[in-house]
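Heads up: the protein sequence lines correspond to chains A and B, in order.
In terms of the numbering used here, the first sequence opens at residue 1 and continues consecutively.
In terms of the numbering used here, the second sequence opens at residue 345 and continues consecutively.
FYI, nobody ran anything at the bench for these hints, they're computed from the structure.
Because the structure is a prediction, the values reported are computed rather than measured.
You can trust all of the hints, since none of them are fake.
DSS-like cross-link-like pairs, simulated, lysine-lysine; straight-line CA separation at most 30 Å:
1) B/LYS354 <-> A/LYS112
2) B/LYS605 <-> A/LYS310
3) B/LYS620 <-> A/LYS227
4) A/LYS337 <-> B/LYS619
5) B/LYS616 <-> A/LYS214
6) B/LYS605 <-> A/LYS112
7) B/LYS619 <-> A/LYS112
8) A/LYS310 <-> B/LYS354
9) B/LYS364 <-> A/LYS77
10) A/LYS227 <-> B/LYS599
11) A/LYS215 <-> B/LYS620
12) A/LYS67 <-> B/LYS445
13) A/LYS59 <-> B/LYS354
14) A/LYS112 <-> B/LYS445
15) A/LYS122 <-> B/LYS354
16) B/LYS605 <-> A/LYS59
17) A/LYS77 <-> B/LYS357
18) A/LYS214 <-> B/LYS599
19) A/LYS67 <-> B/LYS605
20) A/LYS344 <-> B/LYS616
21) A/LYS337 <-> A/LYS215
22) A/LYS310 <-> B/LYS450
23) B/LYS619 <-> A/LYS344
24) A/LYS215 <-> B/LYS619
25) A/LYS77 <-> B/LYS354
26) A/LYS263 <-> B/LYS354
27) B/LYS376 <-> A/LYS112
28) B/LYS354 <-> A/LYS124
29) B/LYS619 <-> A/LYS333
30) A/LYS329 <-> B/LYS619
31) B/LYS605 <-> A/LYS122
32) B/LYS616 <-> A/LYS310
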Amino acid sequence: MNYHILKKDELDGFVKKLAKKMKVYAPVAKGHDNFAFEEVASAGEIALSYIPTILPPKKYFMPQREKLLDFDLTGGKPADRAVLDAPELAIFAVHTCDLAGIQCLNMVFSEKPRDYNYILRKEKIFIIGLECLKYCDGNAGCAMVGNHNPNGGYDLFFTDLGDRFIIHVNTQKGEELVENMGLAKAAAADMAALDKVREGKKQAFATEPGADPKKLPEVFARAMESKIWHELGARCVSCGNCTNVCPTCYCFDMADTINLDMKTGFRTRTWDSCQFETFAAVAGGENFREERANRQRHRFYRKFKYPLDKFYRSFCTGCGRCTRTCMAKISLKDTLKALVAEHK
Amino acid sequence: MTEIQNSNWKLRKGQIIAAKQMTATEKWFDIKLEDGDLDHEPGQFVQVELYGIGEAPISVCSSPTRRGSFELTVRAAGRLTKHMQGMGVGDWLGIRGPFGKPFPVKLMTGNDLLFVAGGLGIAPLRSLINYVIDNRREFGKVDILLGCKTPTDMLFGSEIAGWQKRLDVNFSCTVDRTAPDWKGNVGLITSLIPGVTINPEKTFAVVVGPPIMYKFVIAELLKKRLPERQIILSLERHMKCGMGKCGHCQIDHPKNYYCCKDGPTFTYEEVKESKKL
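Chain B extracted, bound-state conformation (with noise of 0.2 Å):
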């Protein structure tokens, strides 16, 4: 056996500085790695390995920004997440990374953004959020609608009342069922769209959430006329080795695109042959 020192495999070390359980099945991790910053850009993703029980692909949730460590979101879905639930402060944890295409934020300067996230949507789609709101000026009108099945499954709360607050940031949410206090809207995050003003040519809408709401969402906005190439999206696959090799990520789309390294951000205008978003 031999060493291979410039390995892809191998694993920068993080420590997990401050943990908190968001809902019922969503914690929220915040690392510091012993190398440096993970020097990610908005919509980026790492590889998180727990010893002895694997890998898996979670987005960034922090702007990058916000120097000296980063943010993770997990939903115990499957056997690593439902492990994470039940770590906190002082636990190491391995990353690779950070992989994928970022969010186009050159692209985007200069422009109105409407930023529509859905569920666990909010986590990457909050790195960019918190990316523009840090740089604000660079940027032109600023719409964030938010979508959750249930009052209780909304992520950030403390962090989106200060969104709410803010003059320069308009924001707007729905829950799909209602509970005794909620005194905001009820409905699905499509009925918020026709509220929006959108001025087509100068607007980029940045859409996140599971595949079955992008179908509608994307129908919405194509109704106010925003161009094919101004809806951004971020896809869901399973990225197991965020090297554009396993195969697992790969979409199927005439254009041979693997979501870990093509994406897993794309404009709808480059998806949108896509058999699934």
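Same shape as in the complex, but just chain A (with noise of 0.2 Å):
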């Protein structure tokens, strides 16, 4: 294993050289409880305790809205290229939850056929992970998922050990940075700190409020007619708001633009959302997922139940960014409780 150090005085020197390489992304503060990621010059301007942020990393590997061709139409035959746009960038103290989310869309999206605009974005960007030591707030729900403890996903990783950061290198990649910094390797006592800090984190994350997650499956899978979707579809406003900060939602939609001249012109996807009322309507009339309450069944099916039997793993990161963001006040904690209850 390979462990190296770095003084937290000597933080400030770290942002600042690789912010020379590359472009810097971190989260900040945004006022009222509330952060971001944005690109960043120096550690003063990093807000290294945050609760997860509006949006996960994840508007980094999609963007909201990209291109996916460029469009020539003069002469009659059309002609297109697929074109990105990806400069090398450095994303600082990800929380193990957003890891995750992007392990969950690396999959997602290098699965044939594959995307090209997400996996040569996703080799551009560097990842260095931030450990938490006690949990964000009451709606997260890492440790039901098995995220509150680093499970890969990073090149480097940073823990707080008080006056130091012990950084665990992932990559080859991650220790040509180290190397390049010039960051010494982790002693005996470093380690011994960093095994410390993990056997806390046993009883910070032991009172987890929420569902039991080796029931959730069977759970899952007898809960397709439950009232509970009917009571969530009466308060849902179905605003999308769930999805958009889902580190793990990933449905998209296309659009054509075309420009002023008339002949050129380009193709984007945007982020698309199933809670919108016609996102599974056909031009021909039909509504495939027409109630609210089928939408919100849909978006716990493609967290808990769906990703399961594809990609072996819960698509539920326990950031708890859609109960916080919710408009109706819907918390994804308490409809697990209240499915888990109505199972027995």
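Each of the two chains sits in its own frame; use the hints to bring them together as a complex.
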């Protein structure tokens, strides 16, 4: 295992040096306990203690709007180019819930037929994780889905040891950066301190108030007809906030734009939401998911049932964003608890 | 900006080489790709791109046995399909695909076939019917049942007249509402099923039509003791990306089916738990 040490007073130098190589994005405080990943140039701008940002880092992997094609209709026969704008960048201080989210998206877009826009963009992104030592708030459910400890998905991973960070180096790219920065190897005392931190986390994350994750597959296998979906449907306003902020929601729509010259244009994809009324409608008039209750059920099944069969994991990363952002106060953890109770 | 050479979003270029208005709302197109054959199988679909307007999934209505070009029958329903009504010979469009799981031709080989088409359902089914006619020796008895709203809504009229004349195909047709010069059956398509002799041990029924039709046709077929795995359907959803990613075509079913990748063809056994067919 390869661990290095960065003293806290050297963090600013680390960020500045990294920012000379590539753009660096990190959580920044936006007031009212809101945080957002934004470009930073120094450590002082970074909120090292933060609850999950408004949008997860998926915005760098799968931008809200991205161009897929440029086309040109001059001369009758159309011509097009598949284009990509993917600069090299680093994301700093990514929590384990969001690392898990990126891993989920990696699987989705690497599945055949592959999405090269996503894959090529991902290869340009350097990921530095940051460990959470306690729950960020009551909405988080990371321990429920096993994401409170790191499970890979990063180049470097920082854990706070008081006056210093211990850095786990996970990739060759990470190794090169650590060498380039001249960071010292971790000593036996540092490793012991890390073990102590992890031991302490067992206690801090033990009081998880959510549902028993082992029971969830069985619960969802029999929850299609649950009354709870109608309760959610009656409250949901179909705003799509929950899916926009979800680190593993990746549904999208595509649209063409024609330029004012009426000869050239481009094709874009944008985030879409299964919560929108027309999401499953077809041109002939049929809507296959017309009821809000069914759309809410669909959202939960896309986290706790379908991906288990396809990707061998829950697509809920436990970040709690959907609950925090919901205008109708629909709580993911309360819904799970109600489903489990109903199942009994 | 860099170029992605192997992008799955890139479009093949197709040119319309023949077109015909079939009814007031449906138009037929014969399309030739500049880079060769579409190389599809019966039951698959393509994404049609009209540059500046967008993309829509359309079933291929021609059989792959008839090479060189492929055919689409397009109903004016949404923005793109309405625009297509004004297109004709010489016009270019972008094509992605073919996509989707085809009809299980290998499984059906050696068996009797019962085709049940409602309305525009004849378009995807025609790719299979003509495939079977072109490989007629490989199959047992072939029955074709066709239903449409009125006689003027009937698609592929001259070709259907050809099917009616064939001795190796039994063809029946019905309309929901009659017209003065109509001499055929009047009534729902389900009324034609009791008249067909079905050997449940070696018959595959292939049913394509609007969602409402499936429920009643399937009930009639089950009455004939046809096993659920021998009833083949082609489901409709908005298949936007065709690659099992965008999420629009997912079917509400415990098995996590994407209509574009796991379908659009399914056996009734596979999808009977779906909230909607």
